[in-house]
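Trainee: These are the residues of each chain, in order.
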Amino acid sequence: MSETPEHPETPEAPPPAETPDAQTSRIGVDSWVAESEARRSRTPAALLSRGAARTPDPLKLLVFVAFAVSLPFWTSSGDLFIFGTLTLISAALALGLNVVVGFAGLLDLGYVAYAGVGAYTYASLSSPRWHLHWPALATIPIAMAAAGLVGLLLGISSRRLLGDYYAIVTLFFAQAFASFTNVTNPGDITGGPNGLPNVDPITFFGHKLASYNQQYYLILAIVVILAGATYLANMSRTGRAWRAQRDDPLAAQAMSIPVNRVKILAAVMGAAIAGLCGTIFAATYTAAVSTDYSVPFLILIYATVILGGIGSIAGVLLGAAIINCTLQFLAPQNDHPEVKRWLFYGTIILLVAMLKPVWRSLLVLVATIGFGFAVHALAVAYASHKWTSGVPSSGGSWIAHWAIIPNTDSFTGLNHGNFNNIVYIGLVVMVVITASLKGWWRMLALVPTLYLTVLAWENLLAASGGITAYLLFGVMLIALMAKRPQGLFGEARVEIV
Amino acid sequence: MHLPLFTIWSSIHSLGWHGAFELLRGGVVLGALYALVALGYSLVYGILKLLNFAHGDVFMVGAFMGYGVLSVLSGHLGTVPLIIVMFVVAMLGTGGLGVAIERFAYRPLRNAPRIAPLISALGVAFFLESSVQLLTNSAHYQYSNYPVFFSLIEPAFSFHIEGVLEPVSIVSLIVVGSSIALMFALLFLVNRTRLGKAMRATAFDREAAAMMGINTDRVISAAFFIGSALAGAAGVMYGLQYSDISYLVGFAFGLKAFTAAVVGGIGSIEGAMLGGLLVGLVEVFAGGYAGGQWVDVAVFGLLIAFLLVRPTGILGKHAIQKV
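Chains as they are written, first to last, in our numbering: chain A, -3 to 493; chain B, 18 to 340.
Mixed in with the good hints, there may be bad ones.
[Said to hold, decoys possible] One-sided excerpt, in silico: chain B residues whose CB lies under 8 Å from chain A:
hint, residue
1, V105
2, V106
3, P125
4, A129
5, V141
6, S148
7, Q159
8, S161
9, N162
10, P164
11, A227
12, F268
13, L272
14, F317
15, L332
[What the hints assert, rightly or not] In silico SDA-like pairs for lysine to any residue, Cα to Cα no more than 25 Å straight-line:
hint, chain 1, residue 1, chain 2, residue 2
16, B, K66, A, D244
17, B, K66, B, P130
18, A, K479, B, N128
19, A, K479, B, R131
Hints listed in this document are in silico derivations from the structure and should not be mistaken for laboratory results. A virtual CB, placed ideally from N, CA and C, is assigned to each residue, including glycine.
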């Protein structure tokens, strides 16, 4: 009778210090953080990134080179240029930007203008413009030095300032450069809006590298050299100084790191790499044109670096492949129009599948399909036939039985006014609403949002490819910064306040 | 945006005193517009220390909202009510846009590394630009398609300089007058109201302000609303003054307005006004005397010169950086 059921349990209750969590937790890591990391480490994405982290870096480079070298053997020459050469050019540019933004933490928004400086220098020295045809071995270093000098001047002029001012100075420089080169100047040094045409291809010791394959391998070699050089630079004493002043400038200064000099070194190095890429760009396109080196290109390079992961060389190469291929598949004229459609619907389904738990994503998918058929049936029943007889612009005819696609043919079609614009604005509003709701309400709002996404895609976005790509890059930058600032391969950083 | 102005300048063959007057008139009007946009930069920068790259594009969206109202209501309303409706719609619309931008692009990044919100801002700027490009099919739109534009470019008064009749149009008086009025309204708001006090407190020390019971998120939203609404008003005035708008109008304009904010002393309202005036005059005189391609270069030179010689701007105070 004296024993109560509670008594025997109390001595057996384990003290909190002996829990397995506490034993395995690392020094200096809070147990809550350790638990959350352990939970996250089981997801496929974490496994993948851990696998990537364990692979030795030279092996990664070898895999990349092996793949890249084999590319010309199994693609057509048009595809090689669009998906190979252009990817490598943006990869080379992004590697240079990675030094500035990733390693040194400087927001350099004039980056493409340095490439423009390099391109114009190369074009002036090796084109019919001034009847100069210098060999590439002479012009490339000059172009790199010119771009580096510009980077140095900008760096010196804003060396005392906070990061934001450096960003605005460089961005303004890019703007001034673009507007200056785009107008006919006294002496016509920049050729105005037409740029400097008929630029020589790159020549090495009398060999012209003009065919697609030759260009491709030249740029591949440059990318590999740049990847190796920036990797070594990051491992060096200077690289440690870059990272130290990026994470805490004050502490770095206290450790006698010359913060300003290190920053300017990074800016100059990035600018010189950009200058190199500019020469390649001009030689590949056989022209230096002002509009190539303006803000859209800047966004492209930034999207590359940030998607891949700021500061990660492997990430930059992968980011370049993803971003450039997205841009090219979305382009209005390309040889693979069906890829666009599969990419879009694949991405949508992937995003829905990321909802947890799984039955929720299934529910949303089923509800969206049902919603679409219901809306389509209503439109067929009550609206003019012309509202539902259009041709979807991404090409899959089956989708016309589900989504409302007005016939926009100028003779037989309907004057549907601002239908596309209303759909687009409605989509933006619905995304905003969905993002601010929680729980069941969010799932409910997701259904019409998804439907509107498809409508906007089939009626408007798929048809205006280039704009859609840049729209996507803008949204991607916002979403990545909010959800995963380290990108695909970057290291998550915690700012010490 | 200097291209239409450039044609005007090149048509002025000999710049005498009357030519200089024309440049002065153009510079003051442009400067007033820069000042309005610079106020928004300054307000947001003062509170969040955030360089809102998207602000120039908010201005551009405001110009399109005004155009939308104009195209729907032109002919249904008289000139004065129509202009008032344009301003109200554009200001409310861009104000709401600013709040939404803050909510979705900047608020999740309050405690992120400094570079993150800047990249996000770049993303927002590009999202807005591409969206408008998509919606307008990359076309240019003209306010001068509607009669209101012509009733506003009538001269309010004019005078003789070197025997040439130089008019001052109604619209330029509206632009300069309303931007001065809006500046004083903003000064009153910041210095005399409860919200302004909360803003100053938040700008001074956000954490301490939060501990004193100020809802800092709401204060920041309010700052974005006000700044964006001013940019929206500037957008409508830009359309009424220069007629031609396109999706590209905002970016370079925003950069120059930011230069105005820096030159005047960032965080200072009167400074933004002075800086705007200075940038407008430098731009127009550089274009008039040197040629259109020097416009951006001259303003850029002004920015660099100020950053080197007086980084705090004309009216800025030396801030001691806290560690």
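Trainee: All hints, please: hold or fail.
Mentor: Consistency of the hints with the structure:
1. Because the smallest distance between the Cβ of V105(B) and any Cβ of chain A comes to about 19 Å, over 8 Å, the interface hint for this residue is violated.
2. The closest approach between the C-beta of V106(B) and any C-beta of chain A is roughly 15 Å, which is over the 8 Å cut-off, so the hint fails.
3. For P125(B), the interface hint holds, the least distance from its beta-carbon to any beta-carbon of chain A being 4 Å, beneath 8 Å.
4. With its C-beta approaching chain A no nearer than about 6 Å, A129(B) sits inside the 8 Å limit, and its interface hint holds.
5. Because the beta carbon of V141(B) sits about 6 Å from the nearest beta carbon in chain A, less than 8 Å, this interface hint is met.
6. For S148(B), the shortest C-beta to C-beta distance to chain A is roughly 6 Å, which falls under 8 Å, so the interface hint holds.
7. Violation of the interface hint for Q159(B) is found here, the shortest Cβ-Cβ separation to chain A being roughly 19 Å, above the 8 Å cut-off.
8. Interface hint status for S161(B): violated, as the beta-carbon distance to the closest one in chain A is roughly 22 Å, over 8 Å.
9. A hinted interface residue such as N162(B) counts as satisfied when its beta carbon comes closer than 8 Å to some beta carbon of chain A; here the least separation is about 17 Å, so the hint is violated.
10. Hint status for P164(B): violated, given a least beta-carbon distance of 23 Å to chain A, over 8 Å.
11. Evaluation of the A227(B) hint against chain A yields a violated restraint, the C-beta minimum of about 14 Å exceeding 8 Å.
12. Below 8 Å, beta-carbon pairs count as interface contacts, and F268(B) has one with chain A at about 7 Å; its hint therefore holds.
13. Against a cut-off of 8 Å between C-beta atoms, the interface hint on L272(B) holds, since the closest Cβ of chain A lies about 5 Å away.
14. Interface hint status for F317(B): upheld, as the beta-carbon distance to the closest one in chain A is roughly 4 Å, under 8 Å.
15. Taking 8 Å as the C-beta contact cut-off toward chain A, the hint placing L332(B) at the interface is violated, the least distance being around 17 Å.
16. Pair hint K66(B) plus D244(A) holds up; C-alpha atoms about 18 Å apart against a cutoff of 25 Å.
17. Distance check on the hinted pair: K66(B) and P130(B) sit about 13 Å apart at the alpha-carbon level, within 25 Å; holds.
18. This hinted pair checks out: K479(A) and N128(B) have alpha carbons roughly 13 Å apart, not beyond 25 Å.
19. Only pairs whose Cα atoms come within 25 Å are accepted, and K479(A) paired with R131(B) is accepted, the gap being roughly 16 Å.
In this structure, the earlier hints numbered 1, 2, 7, 8, 9, 10, 11, 15 are contradicted, and the remaining ones agree with it.
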